[in-house]
Amino acid sequence: MKQTYRVSIGLEIHVQLKTRTKLFCGCATSFGVPPNTCVCPVCLGYPGAMPVMNREAVRLTLVSGLMLGCSINTYSTFDRKSYFYPDMPKNYQITQYDKPLCLDGIIDIPMTDGGRKPIRLIRIHLEEDVAKSMHESSWSGVDFNRAGTPLMEIVTHPDLTSADEAAAFLTALRHILLYIGVSACNLEEGNMRCDVNVSLRPPGQDALGTKVELKNMNTISGAHDALQYEIARQSEVLDAGGRIVQETRRWDVDSGVTIHMRSKEDAHDYRYFAEPDLLPIVTPPDQIDALRRSLPELPAVRRERLARQYGIPDYDASVLAADRALADFFEAVAQRCGTGKTASNWIMTDVLRLVAAHETPVTACALTPEALVELIGMVEARTINALTAKELLEEAFLSGGSPTEQVRARGLAQVSDSGALDGWVDAVVQANPKSVADWKAGKQAAAGFLIGQVMKLSKGKADPKVVGRLVGERLAQQNG
Amino acid sequence: MELESLTVRTAIDGLRKRQFSSVELTRAVLDAITARDGVIGAYLWVDEADALKQAASADAARAGGADALLLGVPLAIKDILNVEGQPCTCASKILAGYRAPYDATVIARLREAGAVFAGRTNLDEFAMGSTTENSAIQLTRNPAALDRVPGGSSGGSAAAVAGGMALAALGTDTGGSIRQPASFCGCVGLKPSYGRVSRYGLVAFASSLDQIGPMTQTVEDAALLLGVMAGRDPHDATTLDRAVPNYAAALGGDLKGLRLGLPKEYFVAGLDPEVAQRVQEAVESCRRCGAEIVEVSLPHTEYAVATYYILASAEASANLARFDGVRYGHRSAVAAGTPLEMYLNTRAEGFGREVKRRIILGTYVLSSGYYDAYYTHAQRVRTLIRRDFESAFMQCDALLTPVSPDPAYLIGATAEDPLKAYLIDIFTVTANLAGICGLSVPCGTTPAGLPVGLQVLAPAFDEGTLLRIGHVYEQVREVRS
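One line per chain: the protein sequences are R and D, in this order.
Position one of the first sequence corresponds to residue 1 (our numbering), numbered consecutively onward.
Position one of the second sequence corresponds to residue 1001 (our numbering), numbered consecutively onward.
Careful, some of the hints might be misleading.
Over the 12 angstroms line for every Cβ pair with chain R, so calculated as not near, a few chain D residues [stated by the list, open to error]:
{"id": "1", "residue": "D1067"}
{"id": "2", "residue": "G1252"}
{"id": "3", "residue": "E1315"}
SDA-like, lysine to any residue: derived pairs with alpha carbons at most 20 angstroms apart [claimed, not checked]:
{"id": "4", "chain 1": "R", "residue 1": "K81", "chain 2": "R", "residue 2": "H268"}
{"id": "5", "chain 1": "R", "residue 1": "K264", "chain 2": "D", "residue 2": "S1368"}
{"id": "6", "chain 1": "R", "residue 1": "K132", "chain 2": "D", "residue 2": "Y1328"}
{"id": "7", "chain 1": "R", "residue 1": "K132", "chain 2": "D", "residue 2": "P1339"}
{"id": "8", "chain 1": "R", "residue 1": "K434", "chain 2": "R", "residue 2": "K465"}
{"id": "9", "chain 1": "R", "residue 1": "K264", "chain 2": "D", "residue 2": "A1237"}
{"id": "10", "chain 1": "R", "residue 1": "K81", "chain 2": "D", "residue 2": "P1339"}
{"id": "11", "chain 1": "D", "residue 1": "K1356", "chain 2": "R", "residue 2": "Y270"}
{"id": "12", "chain 1": "R", "residue 1": "K99", "chain 2": "D", "residue 2": "A1237"}
{"id": "13", "chain 1": "R", "residue 1": "K99", "chain 2": "R", "residue 2": "L279"}
{"id": "14", "chain 1": "D", "residue 1": "K1356", "chain 2": "R", "residue 2": "D269"}
{"id": "15", "chain 1": "R", "residue 1": "K132", "chain 2": "D", "residue 2": "M1342"}
{"id": "16", "chain 1": "R", "residue 1": "K81", "chain 2": "D", "residue 2": "Y1370"}
{"id": "17", "chain 1": "R", "residue 1": "K99", "chain 2": "D", "residue 2": "D1372"}
{"id": "18", "chain 1": "R", "residue 1": "K81", "chain 2": "D", "residue 2": "S1367"}
{"id": "19", "chain 1": "R", "residue 1": "K81", "chain 2": "D", "residue 2": "L1410"}
{"id": "20", "chain 1": "R", "residue 1": "K465", "chain 2": "R", "residue 2": "A447"}
{"id": "21", "chain 1": "R", "residue 1": "K81", "chain 2": "D", "residue 2": "K1264"}
{"id": "22", "chain 1": "R", "residue 1": "K81", "chain 2": "D", "residue 2": "D1372"}
{"id": "23", "chain 1": "R", "residue 1": "K132", "chain 2": "D", "residue 2": "L1340"}
{"id": "24", "chain 1": "D", "residue 1": "K1420", "chain 2": "D", "residue 2": "L1410"}
{"id": "25", "chain 1": "R", "residue 1": "K132", "chain 2": "D", "residue 2": "T1338"}
{"id": "26", "chain 1": "R", "residue 1": "K81", "chain 2": "D", "residue 2": "Q1379"}
{"id": "27", "chain 1": "D", "residue 1": "K1093", "chain 2": "D", "residue 2": "Y1328"}
{"id": "28", "chain 1": "R", "residue 1": "K99", "chain 2": "D", "residue 2": "Q1379"}
{"id": "29", "chain 1": "R", "residue 1": "K99", "chain 2": "D", "residue 2": "S1368"}
{"id": "30", "chain 1": "D", "residue 1": "K1264", "chain 2": "D", "residue 2": "H1300"}
{"id": "31", "chain 1": "R", "residue 1": "K440", "chain 2": "R", "residue 2": "Q430"}
One side of the interface only, derived from the structure: several residues of chain R facing chain D at Cβ under 7 angstroms [unchecked claim]:
{"id": "32", "residue": "V52"}
{"id": "33", "residue": "S82"}
{"id": "34", "residue": "F84"}
{"id": "35", "residue": "K90"}
{"id": "36", "residue": "V245"}
{"id": "37", "residue": "F273"}
{"id": "38", "residue": "L278"}
{"id": "39", "residue": "L279"}
{"id": "40", "residue": "P280"}
Everything labelled a hint here was simulated from the structure, so no lab data went into it.
Where a beta carbon is used, it is the ideal one built from N, C-alpha and C, also for glycine.
Chain R extracted, bound-state conformation (with noise of 0.2 angstroms):
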């Protein structure tokens, strides 16, 4: 009998933080390096060799934490898990077992009813990556660049109901870390990895069913993919009176089906106790209200700020909350302009068309905001006109430097004295008897040519609104 089964999904996140060092030692956290050249006796399990804590990688922790609503335990402790396999230097991995840094949390995602929907967090801890093995046909061999890389494991209750539903999550999560920095959030280059906990039970049943745990997704549309076809594997096997059994199973990308790894009965004991190694992390109240105040707003707190402080359209509000930098440089130019308006309008058009045409971001850029202030300010005291000063934009975002300093340097000024028009005018019209002939016929066009060609004289310097006024009086002249 076919019937529609109430779904729970748990995930388990492991985000790899963006830190200089590795977690307990001086190596280097750099990828893409030669296999074995990022390691010291730490990170390889020598013997004698002790991890030193990276402190900077607890703050990410705590700070990603509060980002997402957790507590923070003021006394949080590391603990060693036992298991041999050879990526493992110690054979035990330094991880978090019964005090981890963060607890409970909440991540909202959007419905597709517009709505929004809370997923509750359990904890949030700090460990270990482990090395990569890699295999060849008749041999493996294992890089340890990798393994002392600090970890953030995220794990959430069973909130999540749909495949759906968990990749809207892993997207929510993936832009909240991206925008406060803690990580690079790549999943295809394995510093965002998911497992996953599903189960399904008949409406009516209050007791969650057996889950089956579902590894090797490394794509947020991989996840969502394993999902389904996991969900619809247990819905077939219940629907056909079968029982689902506790195990771990494997997501095959090529194929599109989950694989049976492991059974319960498999199950590591990991013997888990305290690193006799490492001190407690103890954060007192004080300072973790101090990491508070220091929060970023997160995306979309600022959209409504930028909207309301600023007077700016909610889809340009939105655009630059999305970017952390991007905000920030909006915020810069806006206070310094005085007009936010004005600041979105360069910046949503002009900034972004160039981002997109070198594909640079504004934080690697040339460009300052003091820069774009700059030309801002010559475009409404007319000293500039607009073409000069989308060139002198370009030159500014590649190279840098100050507009005003190249607008003197190189003479840009706009000429708008009438003194100094008034003979490109006159030679103008003088030149060109037929399109004087044809604007007193009634050709209006004719105007816009004779305009033009003022320009042209001059340069592109002169101020296009006064050749225009210049060009009327001395045609309206002639009329008369």
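For chain R, the structure is supplied; the task is to place chain D on it using the hints.
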């Protein structure tokens, strides 16, 4: 130069006065090793050329005006401490071929102070044992009685110092492994407080109990070496940031104003009567030097050995997991189809019986279902033992006890009964469980000529008091038997 008459202190003076060079001094040590160690078996590894090269560069440095405290003083190092470029076997087959790629922090500090690392001494495999008979490499004999063990696990270091083959040595103490062999061989052994000396570079046996300490001929030498070794180390998070006093300069005076406690649980039936008598005589000497003697109680003493073996084995089971043949040391030559088979073969071949016994014991007490009954329970008892000492030290400044219930055993005597062998540690494991400091000072010999040690225990980070008591006693000691 008469090596026999030299201590670290007098060697420093002799080198400073250019009475002899480091090369001459080191040569004398190497000659003594050549002459005697074939019988004693204290050293596992000596590289004469390398030792003389270190000595020569110390002499050159001195000629250039350098005058670090230990410049040119040769030391023996227990073969469980990493010295860059030297082997570090832990007296185990599993570390065959391993060469240390780095200096332990204590080695780096001694090197900075000018010491010469002359050779590496024998121990019970991975420091697990009390007789040095668990060495997978060789037997070490007690220089005072060649048919007897030197104690352990730092038996090689004790035998080297007592046998005139080292001015001083480093040992490590997890449950008595410095103090007990010092007592068996008749030298001074100091176990510093937990957190006083960095463990970075000490191949861990039980991380919450291990400490490195000096083994010397005199208390003053122990004070000199501790002063160089002690202090906060950024590589060891469990070291404390406490000032390191000039221990050696503070020695002297008498014991007036000090109250010394005799824990009644340490003077019980089962204590060898000769040992009891030597210790009582030492207590009387201290009384004559002005100390007030009081009786105190450490009521949880009887649980200490069980607590120690649960906690130490639990930590060891994880600490020794890294010896798997993947990155260094022995790897089984037996063809293996899976990593697990490779581990099983390598570890079966590489570890000795006692090490395996403790890994199995430690794995068992940490297993789900047994964890609370053993590990959690033992942690609670450890707290009670620590409190025992806290309340005892409210009544006195330090404690005087025997180091070991017996003098040195005949070789082979304890081999058949591991449980009995564990009980040898009854008077020493408590200091490790409590994190306090302990000193073993020779207090005479039995009529058969076997050395006996007096143990002095003081509160954590009160090595100053410990050394002062040991030094005063050492000056008035009437060696009898």
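Going through the hints against the structure:
The beta carbon of D:D1067 sits about 30 angstroms from the closest Cβ of chain R, which is more than 12 angstroms, so the claim that it is off the interface holds. The non-interface label for D:G1252 is consistent with chain R: the shortest C-beta to C-beta separation is roughly 36 angstroms, beyond 12 angstroms. Non-interface status of D:E1315 relative to chain R is broken: a Cβ of that chain comes within 12 angstroms, the nearest being about 6 angstroms off. Pair hint R:K81 plus R:H268 holds up; C-alpha atoms about 10 angstroms apart against a cutoff of 20 angstroms.
This hinted pair checks out: R:K264 and D:S1368 have alpha carbons roughly 15 angstroms apart, not beyond 20 angstroms. Annotation: proposed proximity of R:K132 to D:Y1328 holds, straight-line Cα distance about 18 angstroms (limit 20 angstroms). For the hint linking R:K132 to D:P1339, the alpha-carbon distance of about 15 angstroms falls within 20 angstroms, and the restraint holds. With a C-alpha separation of about 23 angstroms, the suggested pair R:K434 and R:K465 falls outside the 20 angstroms cut-off, and the hint is violated.
Taken as a hint, the R:K264 and D:A1237 pair is broken in the structure, with Cα atoms around 37 angstroms apart against an allowance of 20 angstroms. Among the hinted pairs, R:K81 with D:P1339 is consistent with the structure: their alpha-carbon atoms are about 19 angstroms apart, no more than 20 angstroms. Restraint check for D:K1356 and R:Y270: the C-alpha separation of about 19 angstroms stays at or below 20 angstroms, so the hint holds. Distance hint between R:K99 and D:A1237 is fulfilled; the C-alpha atoms sit about 19 angstroms from each other, no more than 20 angstroms.
For the suggested pair R:K99 and R:L279, the alpha carbons sit about 13 angstroms apart, so the restraint of at most 20 angstroms is met. Among the hinted pairs, D:K1356 with R:D269 is consistent with the structure: their alpha-carbon atoms are about 19 angstroms apart, no more than 20 angstroms. Among the hinted pairs, R:K132 with D:M1342 is consistent with the structure: their alpha-carbon atoms are about 19 angstroms apart, no more than 20 angstroms. Between R:K81 and D:Y1370, the direct Cα distance comes to roughly 16 angstroms. Compliance with the 20 angstroms bound is thereby established for this hinted pair.
Restraint check: the Cα-Cα separation between R:K99 and D:D1372 comes to about 17 angstroms, which is no more than 20 angstroms; the hinted pair holds. Taken as a hint, the R:K81 and D:S1367 pair is honoured in the structure, with Cα atoms around 12 angstroms apart against an allowance of 20 angstroms. Between R:K81 and D:L1410 the CA atoms are separated by roughly 41 angstroms; this puts the pair beyond 20 angstroms, and the hint is violated. About 13 angstroms separates the Cα atoms of R:K465 and R:A447, which keeps this hinted pair within 20 angstroms; it holds.
Restraint check: the Cα-Cα separation between R:K81 and D:K1264 comes to about 41 angstroms, which exceeds 20 angstroms; the hinted pair is violated. At most 20 angstroms may separate the alpha-carbon atoms for a hinted pair to count; R:K81 and D:D1372 meet this at roughly 17 angstroms. Between R:K132 and D:L1340 the alpha-carbon distance is near 17 angstroms, which keeps this suggested pair within the 20 angstroms criterion. With a CA separation close to 14 angstroms, the supplied pair D:K1420 and D:L1410 stays within the 20 angstroms bound.
Annotation: proposed proximity of R:K132 to D:T1338 holds, straight-line Cα distance about 17 angstroms (limit 20 angstroms). Distance restraint check for R:K81 and D:Q1379: the Cα-Cα separation of roughly 18 angstroms lies within the 20 angstroms cut-off, and the hinted pair is therefore satisfied. Taking the CA atoms of D:K1093 and D:Y1328, the gap is near 12 angstroms; set against the 20 angstroms cutoff, the hint holds. Among the hinted pairs, R:K99 with D:Q1379 is consistent with the structure: their alpha-carbon atoms are about 17 angstroms apart, no more than 20 angstroms.
Between R:K99 and D:S1368, the direct Cα distance comes to roughly 18 angstroms. Compliance with the 20 angstroms bound is thereby established for this hinted pair. Only pairs whose Cα atoms come within 20 angstroms are accepted, and D:K1264 paired with D:H1300 is accepted, the gap being roughly 12 angstroms. For a cut-off of 20 angstroms, the pair hint linking R:K440 to R:Q430 stands: about 15 angstroms separates their Cα positions. Below 7 angstroms, beta-carbon pairs count as interface contacts, and R:V52 has one with chain D at about 6 angstroms; its hint therefore holds.
At a threshold of 7 angstroms, the smallest CB-CB gap from R:S82 to chain D is about 6 angstroms, leaving the interface hint in force. About 6 angstroms separates the beta-carbon of R:F84 from the nearest beta-carbon of chain D, less than 7 angstroms, and the hint is met. Annotation: R:K90 was flagged as interfacial toward chain D, and the flag holds, the nearest CB pair being 5 angstroms apart, inside 7 angstroms. Annotation: R:V245 was flagged as interfacial toward chain D, and the flag is violated, the nearest CB pair being 21 angstroms apart, outside 7 angstroms.
Checking R:F273 against chain D: minimum C-beta separation of about 6 angstroms stays under 7 angstroms; hint holds. Hint on R:L278 holds. Least Cβ distance to chain D is approximately 6 angstroms, under the 7 angstroms limit. Look at R:L279: its Cβ gets to within about 5 angstroms of chain D, closer than 7 angstroms, so that hint holds up. Of the supplied interface hints, the one on R:P280 is violated, with its beta-carbon coming no nearer than about 10 angstroms to a beta-carbon of chain D, more than 7 angstroms.
Of the numbered hints listed earlier, those contradicted by the structure are 3, 8, 9, 19, 21, 36, 40.
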